[in-house]
Amino acid sequence: FNTMAKMNPPLRTDDDVTAVIEGIADGTIDCIVTDHAPHHSDEKEVPFDAAPNGIIGFETAFALGYTRLVQTGKMTLSHWLKTMTINPARLFKLPLGTLQKGCSADLVLVDLDQSWRVDRDEMLSKSRNTPFHDMILNGRVDLTICGGKITYESFC
523 FNTMAKMNPP
533 LRTDDDVTAV
543 IEGIADGTID
553 CIVTDHAPHH
563 SDEKEVPFDA
573 APNGIIGFET
583 AFALGYTRLV
593 QTGKMTLSHW
603 LKTMTINPAR
613 LFKLPLGTLQ
623 KGCSADLVLV
633 DLDQSWRVDR
643 DEMLSKSRNT
653 PFHDMILNGR
663 VDLTICGGKI
673 TYESFC
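Take the sequence shown: its position 10, counting from 1, is numbered 532 in this note's numbering, and each next residue is one higher.
Calculated from the structure, these hints are not laboratory results.
Note that CB positions come from ideal geometry on N, CA and C, so glycine has one too.
Each hint should be verified, as a subset may be incorrect.
[Unchecked claim] Per label pair, the in silico range of CB-to-CB distance:
#, residue 1, residue 2, range
1, A541, N575, 40 to 48 Å
2, G624, D656, 18 to 26 Å
3, N524, G624, 44 to 52 Å
4, E644, A559, 18 to 26 Å
5, P532, G624, 23 to 31 Å
6, H558, I672, 16 to 24 Å
[What the hints assert, rightly or not] Heads up, simulated PhoX-like pairs for lysine-lysine below, C-alpha to C-alpha not over 20 Å straight-line:
#, residue 1, residue 2
7, K528, K671
8, K623, K604
9, K648, K596
10, K615, K604
Hey, can you work out the whole structure from these sequences and the hints?
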């Protein structure tokens, strides 16, 4: 087993994965979060049962959903974005996830036509524990603005 893919809750079978996707698509599951859990390689390079749960997710979350859910027709881009932005903000009663006066200027610029290869050695996280190393994904985040300030940019 690959400890880089050990997470909680685990997705053990194809039926589990299908049920989660169907739950997202029909609104039973209305929020998606990463539970970004960086672990040092020493913690993950142990027998599976001894390895901690958790993977890094900030850098791959959007593109994974876009590639595996939107581009395959399992849901619309609008629905996928709502599960990652508007719905979590509403759940926690936060004035976020929307472009309205008085709300924080939190924006992400994505190039939907850009494909990229996940490379754990080039990730910006302090950790490298991703099960998606070498996977080709579509939809590259080019710019992130939090609170009106640029916090990430991949171009320029």
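> When the hints from earlier in the document are held up against this structure, which numbers fail?
Replying inline: Violated: hints 1, 2, 5, 7, 9.
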